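Number of protein chains: 4
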Amino acid sequence: MKRDKNSFAPTPPMGWNSYDYYDTAVNEERVKANADYMAAHLKEYGWEYIVVDIQWYAHKAGSMREKYQYIPFSKLEMDGYGRLLPDPERFPSSAGGAGFQPLADYIHGLGLKFGIHIMRGIPRAAAQEHLPVKGTDATADQVADPSSICGWNPDMYGVRACPQGQKYYDSLFELYAGWGVDFVKCDDICNTNLYADNRYSAAHEVEMLSHAIQACGRPIVLSLSPGPALIEKAWHYETHANMWRITDDFWDRWDLLKDMFYRCELWQSHVAPGCYPDCDMLPLGLLGKGFGQERPCGFTREEQRTMMTLWCLFGSPLMLGAEMTKLDEWTLSLLTNRDILGMLPPRCKPRQIRLDGREAVWKALDQETGEGYVALFQLRDEEGAVRVEAQEFGCRAQDVLRELWSGEETRISEDGILQAQIPAHGCRVYKLPPRG
Amino acid sequence: MKRDKNSFAPTPPMGWNSYDYYDTAVNEERVKANADYMAAHLKEYGWEYIVVDIQWYAHKAGSMREKYQYIPFSKLEMDGYGRLLPDPERFPSSAGGAGFQPLADYIHGLGLKFGIHIMRGIPRAAAQEHLPVKGTDATADQVADPSSICGWNPDMYGVRACPQGQKYYDSLFELYAGWGVDFVKCDDICNTNLYADNRYSAAHEVEMLSHAIQACGRPIVLSLSPGPALIEKAWHYETHANMWRITDDFWDRWDLLKDMFYRCELWQSHVAPGCYPDCDMLPLGLLGKGFGQERPCGFTREEQRTMMTLWCLFGSPLMLGAEMTKLDEWTLSLLTNRDILGMLPPRCKPRQIRLDGREAVWKALDQETGEGYVALFQLRDEEGAVRVEAQEFGCRAQDVLRELWSGEETRISEDGILQAQIPAHGCRVYKLPPRG
Amino acid sequence: MKRDKNSFAPTPPMGWNSYDYYDTAVNEERVKANADYMAAHLKEYGWEYIVVDIQWYAHKAGSMREKYQYIPFSKLEMDGYGRLLPDPERFPSSAGGAGFQPLADYIHGLGLKFGIHIMRGIPRAAAQEHLPVKGTDATADQVADPSSICGWNPDMYGVRACPQGQKYYDSLFELYAGWGVDFVKCDDICNTNLYADNRYSAAHEVEMLSHAIQACGRPIVLSLSPGPALIEKAWHYETHANMWRITDDFWDRWDLLKDMFYRCELWQSHVAPGCYPDCDMLPLGLLGKGFGQERPCGFTREEQRTMMTLWCLFGSPLMLGAEMTKLDEWTLSLLTNRDILGMLPPRCKPRQIRLDGREAVWKALDQETGEGYVALFQLRDEEGAVRVEAQEFGCRAQDVLRELWSGEETRISEDGILQAQIPAHGCRVYKLPPRG
Amino acid sequence: MKRDKNSFAPTPPMGWNSYDYYDTAVNEERVKANADYMAAHLKEYGWEYIVVDIQWYAHKAGSMREKYQYIPFSKLEMDGYGRLLPDPERFPSSAGGAGFQPLADYIHGLGLKFGIHIMRGIPRAAAQEHLPVKGTDATADQVADPSSICGWNPDMYGVRACPQGQKYYDSLFELYAGWGVDFVKCDDICNTNLYADNRYSAAHEVEMLSHAIQACGRPIVLSLSPGPALIEKAWHYETHANMWRITDDFWDRWDLLKDMFYRCELWQSHVAPGCYPDCDMLPLGLLGKGFGQERPCGFTREEQRTMMTLWCLFGSPLMLGAEMTKLDEWTLSLLTNRDILGMLPPRCKPRQIRLDGREAVWKALDQETGEGYVALFQLRDEEGAVRVEAQEFGCRAQDVLRELWSGEETRISEDGILQAQIPAHGCRVYKLPPRG
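Chains A, B, C and D are the protein sequences, given in the same order. Its first residue numbered 0, the first sequence is counted upward by one per residue in numbering that gives the first Met the number 0. Its first residue numbered 0, the second sequence is counted upward by one per residue in numbering that gives the first Met the number 0. Its first residue numbered 0, the third sequence is counted upward by one per residue in numbering that gives the first Met the number 0. Its first residue numbered 0, the fourth sequence is counted upward by one per residue in numbering that gives the first Met the number 0.
No wet-lab data here; the hints were simulated from the structure. This one's a predicted model, so the numbers in the text were calculated from it and none came from an experiment. Be aware that one or more of the hints could be misleading.
If several chains are the same, the list does not tell them apart, and a pair holds so long as it fits within one copy or across any two.
Stated by the list, open to error - Capping the alpha-carbon separation at 30 Å, the derived lysine-lysine pairs in DSBU-like fashion look like this:
{"id": "1", "residue 1": "Lys66", "residue 2": "Lys430"}
{"id": "2", "residue 1": "Lys133", "residue 2": "Lys257"}
{"id": "3", "residue 1": "Lys348", "residue 2": "Lys74"}
{"id": "4", "residue 1": "Lys133", "residue 2": "Lys430"}
{"id": "5", "residue 1": "Lys348", "residue 2": "Lys288"}
{"id": "6", "residue 1": "Lys430", "residue 2": "Lys348"}
{"id": "7", "residue 1": "Lys59", "residue 2": "Lys112"}
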């Protein structure tokens with residue numbers, strides 16, 4: 000009996016991801032420390048996933064960072080079936096064949112969920128060594144596609160569309176489900192950007208992942224990366240995955256944040272329970288240590304509020320990119336604002352009202368309950384008024400709305416206009432009064 | 000007070016369009032005869048629009064058909080403000096400044112609605128003659144954009160994004176609303192395909208049309224053509240228009256019908272009340288007289304049922320391209336099948352379950368009422384079985400479904416499979432049992 | 000008997016063009032003044048063409064410069080056959096049907112040659128008015144292609160590929176040959192850039208121009224604009240024209256000059272007698288008055304020498320864009336340097352030796368005489384050494400070369416290296432010693 | 000002292016290539032047999048190269064032909080420095096480290112030259128095994144670029160642009176020059192077609208090959224494959240290589256042969272001594288055994304003459320794809336026609352006179368001697384007249400020309416026309432009379 004993959008993530012996943020701070024150099028100790036922090040300070044607000052990002056299987060990962068992000072042809076920890084295992088040096092509890100099970104147990108013990116990153120495909124080394132594919136007569140060289148590679152990471156070959164290839168993915172998820180993995184972020188698959196003429200060249204591997212999850216019997220959330228996802232493949236993502244990146248890597252730069260308004264315009268009709276266009280990690284707090292230098296988030300506070308407002312109102316997954324144990328009060332307040340996080344569940348359908356390069360206006364309405372929000376965004380580089388007609392979001396003259404970040408109340412004017420003076424790159428977001 | 004354009008077409012518009020049979024050569028007598036037929040035989044099934052398609056304003060239109068579809072630089076009937084009027088030779092009642100008002104009155108008198116086709120822009124002749132723009136100090140040469148033309152029709156220039164340009168469109172809709180026009184199909188606007196690098200170059204004219212409709216005070220349905228519409232502009236179409244063509248001209252060829260499944264996959268999340276991705280006219284019955292030779296529809300009966308099923312289940316507008324007075328019994332039966340037409344109202348959200356080049360499966364479910372449909376399409380060139388798991392559309396083993404075209408009942412198998420033997424290019428569509 | 004069009008321009012044309020200084024606002028008085036200057040100061044160095052550039056036929060051209068470069072749908076001076084004539088207000092001698100004959104006579108009287116600019120096609124007004132095509136039963140609306148326009152100038156429609164269309168071009172060149180025109184620069188034809196999918200959409204009009212020149216009996220040099228010319232059409236340009244622009248409009252900006260090295264690399268095999276890839280006008284001296292503000296050339300002196308060296312060594316036509324009567328001594332010295340101009344005749348085949356973004360090295364050798372040059376270009380933004388092995392241009396250790404701009408002699412090193420210290424954006428060009 | 004690479008191939012190389020008949024399954028015995036044949040029957044006509052094409056280093060090459068052309072991740076014969084060696088099973092004389100030296104010796108002993116095919120890059124297995132790069136401290140994993148692969152062959156990784164990468168290529172050519180290799184056809188380099196956005200991504204490897212040839216001290220002819228070569232990179236090919244493929248794989252199909260006229264039009268200005276745009280192998284005689292089925296050439300005799308005429312007149316290298324020992328009289332006659340082969344040396348510059356999809360006309364003239372040819376090609380699918388004006392190739396009325404295939408004489412008409420009745424896909428080629 001097939002299980003509905005949408006039930007694996009009925010609301011947008013919220014969690015932490017190791018990449019923005021640790022790059023490839025994350026280790027068990029730091030994962031646990033971040034999990035402890037989440038359990039203590041963020042869990043009650045809905046944050047629950049702890050995701051170990053790229054190259055947890057690579058020996059000496061990050062040790063040649065000035066030259067390579069990913070050391071080519073380096074040693075990868077791998078079992079006899081070509082399945083990658085945690086690097087035991089960085090993840091000591093994985094030694095002796097335990098894999099990520101001990102770490103998953105630890106995280107589950109905190110009441111949290113555990114996720115890992117994988118690269119699409121089968122290790123290049125497995126293909127070169129002709130390792131057997133578990134449960135088949137085939138060997139890795141037969142299921143690996145030598146002309147399907149990732150443009151930026153040297154670890155894998157794509158898997159051919161064949162029954163033995165499916166068996167490889169099945170064996171992988173059998174292993175990872177056995178460890179207790181709850182979330183898999185698969186990379187080099189949402190947009191196989193090396194192939195300019197065929198950016199969805201791994202469509203069959205998306206299907207294989209989806210089948211492998213069904214076969215493994217565990218409700219593993221499937222996240223596809225990197226973006227930008229291809230809008231003309233929306234149905235395929237929605238059918239097989241839970242979230243897909245709608246942008247290339249997002250970082251703390253205003254041009255990228257401004258650009259996200261265009262991406263959200265594009266994808267707004269595709270947010271639904273179990274189906275989340277993904278705006279990528281929230282680069283907040285301290286960042287970048289694994290990239291060479293720890294640094295604070297480069298967004299202004301107004302920009303940080305704009306990001307949180309857009310992600311929540313739009314219904315993006317929320318994956319924090321930060322070293323949580325070093326979070327300051329301000330950042331923590333962003334992540335624990337119940338009013339803002341309250342917009343997230345996808346009951347309220349997001350809908351752009353206006354976008355013109357200088358301002359953006361969005362609403363989100365729940366058809367059943369009448370609950371709703373309206374948000375005004377100042378995209379200019381200077382303060383100014385942003386206005387919208389109340390009828391665009393179903394309100395009337397003299398209605399009173401509460402602004403969520405400030406808690407202040409605002410009255411719609413007699414001629415039916417909601418207006419706010421908003422600083423550069425900032426926003427105002429209002430909860431609509433109950434109807435009737 | 001702005002009116003909600005979605006209220007102008009709460010369900011997909013159903014009507015008749017002169018193009019597929021008459022090309023540019025339609026005239027008043029034939030429009031009336033078709034309207035009479037609709038009132039007598041189709042109105043009770045929901046058919047209501049009578050739309051006069053391209054070049055009703057062009058003298059001698061169609062007279063050089065072996066050489067040109069649209070005679071270049073020919074005489075267009077035009078008032079002193081550069082607004083096109085019906086060719087009085089073909090539309091005698093329009094003489095003396097009456098325009099389409101007498102014809103609209105006649106159609107309204109039958110309980111039907113009246114629509115016309117326009118080309119985006121202002122007549123080239125108006126620009127060359129420097130005609131005044133009504134309500135302004137400007138002249139047509141100032142609002143016409145000399146580098147914005149249609150690639151396939153020689154009549155117009157695009158209108159510049161400026162207040163006087165808006166006034167031109169306002170004056171146009173003031174005139175047409177005054178005649179009693181209920182529906183405007185605007186061409187060369189949905190995809191300005193001459194400009195390969197800028198296929199939505201007339202975005203500002205879409206907005207101007209939308210504003211002109213608001214300004215004219217009449218609830219005119221706005222239809223945009225030609226396709227394929229650009230999926231990345233979906234929000235813009237939805238915000239300003241009621242329907243937009245998702246395909247280039249559709250005709251009675253299987254390759255085009257098969258291709259429509261891919262287009263419907265692409266646009267399925269964008270069907271909503273007042274917002275209709277448009278699969279184009281239904282080329283049924285007799286066709287093509289204005290193109291040189293009257294001929295019967297080239298689709299097999301199975302293909303015709305497939306087309307009707309897809310258009311209705313998907314929620315496309317239904318615009319009949321045919322000479323209605325010559326409809327045979329078979330074709331009439333297609334257009335008056337209440338079970339099939341009953342799928343049309345967009346309460347039921349369409350959703351593709353599968354598409355692989357050999358078969359397609361769709362469902363449509365009404366979240367509130369539990370009403371629903373599932374359709375199986377045979378895309379192969381030969382008969383064969385098509386199957387789908389019942390859980391994909393919310394049914395269970397042993398549930399009994401009624402097939403709408405045949406009226407026959409089918410039982411879902413014990414292992415939860417719905418299966419049908421379907422001839423080449425044919426379909427089966429089932430009404431789901433009530434839930435609960 | 001067909002004449003060899005290559006014989007019309009056995010060496011790269013040298014002359015003056017009104018555009019860079021006057022834009023559309025050139026007039027008879029200024030043309031004469033510039034011709035007088037050329038005859039007095041430049042003719043002896045080979046300069047001979049006086050070319051009147053765009054819109055000499057347009058009434059009030061340039062009068063709305065803050066709004067339009069080309070006033071849309073304005074009055075064009077035109078004869079009864081749809082052939083454009085000089086605006087009599089700006090070119091008084093053209094009145095009464097004389098056209099450019101009096102001006103051509105004046106220029107010929109100075110021992111110079113006379114050229115004009117035309118836009119590809121037939122005037123839009125002629126098509127709208129159905130003017131007769133001379134020598135045919137056809138009218139302009141029949142030969143004009145309503146979907147073929149220029150993206151940046153509103154005056155014309157393209158001419159259809161048909162015998163009557165050829166007759167239109169024949170009648171045009173009959174008229175212009177009768178005036179004594181020696182050179183025609185046809186615009187919107189070398190790259191019809193409005194049509195991104197079909198940038199050589201007017202190929203048939205290139206052929207029609209070529210045929211019309213043969214038919215008119217006068218050896219008119221044919222120059223095609225704008226660029227960039229399409230390298231895959233090189234054979235077509237070479238077969239039908241004398242020069243074709245290999246760049247979009249060139250102005251006095253270093254990025255454009257640096258980019259020209261890449262364009263010359265691309266076209267170097269296509270320089271031959273009567274066939275000249277065209278690097279565009281030399282924007283020297285005073286510029287831009289017609290564009291709103293007279294201003295001096297923005298190139299440094301080093302850059303000006305680099306430009307002159309590259310154009311001459313490569314074999315580009317030399318068309319001066321300047322108000323000649325205001326030339327200063329420095330600029331005049333550039334234009335009258337016999338050593339530099341001496342590289343121009345295409346006996347010496349240009350050949351790039353190296354290009355890498357930081358430096359460029361070219362040679363030009365005459366296979367028959369052994370005459371030759373080598374040029375070193377400093378593309379960096381700072382001074383530095385540029386070096387080349389002498390064997391690359393056929394010299395040996397200890398050979399002595401003369402640098403043309405400075406007159407200084409340089410000896411090739413013992414290990415066969417020619418090296419020079421060159422300031423930012425500057426060059427050194429050496430005459431090779433005679434062989435043998 | 001750098002040697003002029005153009006001197007390595009002063010005329011277009013003529014030879015035999017194993018691919019069209021043997022695919023990957025060529026062996027020593029068959030190479031020798033073909034060499035023997037060439038020495039006995041073709042050498043006196045200028046044929047001299049014996050080229051062993053792809054995968055001579057791969058064990059079991061061709062043994063899974065129904066599934067793979069190139070078996071992925073199979074065993075490649077390789078030395079300790081990651082340099083590929085002949086498969087000793089197919090090339091027994093190579094055993095014990097002798098490599099291709101014994102075979103090269105044999106071929107040299109026949110008075111012929113020896114060539115091999117290589118894939119761009121360094122073996123994937125060498126990178127995976129971290130083999131040392133000869134003459135450096137580096138290992139293969141450091142010079143291999145993991146994101147640079149061939150789209151159709153699984154053997155190699157591209158080499159990074161770094162000094163150690165150059166050393167790898169240097170070591171490769173040191174080995175191959177030591178064997179006595181005279182000709183290297185390097186594949187996956189002329190158009191790296193996997194990368195649609197960067198089809199000349201291996202430009203730096205072209206330069207590395209060129210340097211390695213200089214460093215090895217042997218005049219090795221460098222041939223680049225596959226096509227189509229990029230016209231905008233013409234200067235780079237000319238600077239570093241001797242021949243480059245202007246087409247994707249050419250086979251015995253008329254559509255490909257007809258298309259070659261467009262490719263020759265494009266490249267005609269780039270034929271010069273030592274620089275040859277390459278029309279690919281001549282698929283004559285028996286073909287295809289290694290592809291699964293031996294079959295005769297599919298060209299008609301007219302088409303075969305057309306091919307030989309175009310290749311020779313244009314100046315393409317001539318590489319025979321056939322099993323020579325099975326050549327019939329007809330095919331042998333094509334390859335030993337001294338009149339036709341006499342057009343080949345690039346003294347005579349090829350020049351297209353006309354091409355319009357129905358016919359093509361070319362000339363080739365030697366500026367110094369006045370020697371020349373004119374060829375008429377019938378591209379239609381039926382017989383018909385082809386004509387050209389004699390002045391296009393410098394002849395006059397009443398001149399008498401000899402047709403090379405038939406030996407017959409033809410007189411130019413009184414009005415200066417050369418005309419011939421030519422069967423479908425056929426040609427006539429005439430030697431021009433001496434001038435003067």
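Hints, verified against the model:
1. Lys66 - Lys430: neither (50 Å within a copy, 46 Å between copies)
2. Lys133 - Lys257: For Lys133 and Lys257, the Cα distance exceeds 30 Å both inside one copy (47 Å) and across copies (40 Å).
3. Lys348 - Lys74: neither (47 Å within a copy, 51 Å between copies)
4. Lys133 - Lys430: Neither: 54 Å inside a copy, 44 Å across copies.
5. Lys348 - Lys288: neither (37 Å within a copy, 48 Å between copies)
6. Lys430 - Lys348: For Lys430 and Lys348, both the intra-copy (14 Å) and inter-copy (28 Å) Cα distances are at most 30 Å.
7. Lys59 - Lys112: Within. Shortest intra-copy distance 27 Å satisfies the 30 Å Cα cut-off; inter-copy 50 Å does not.
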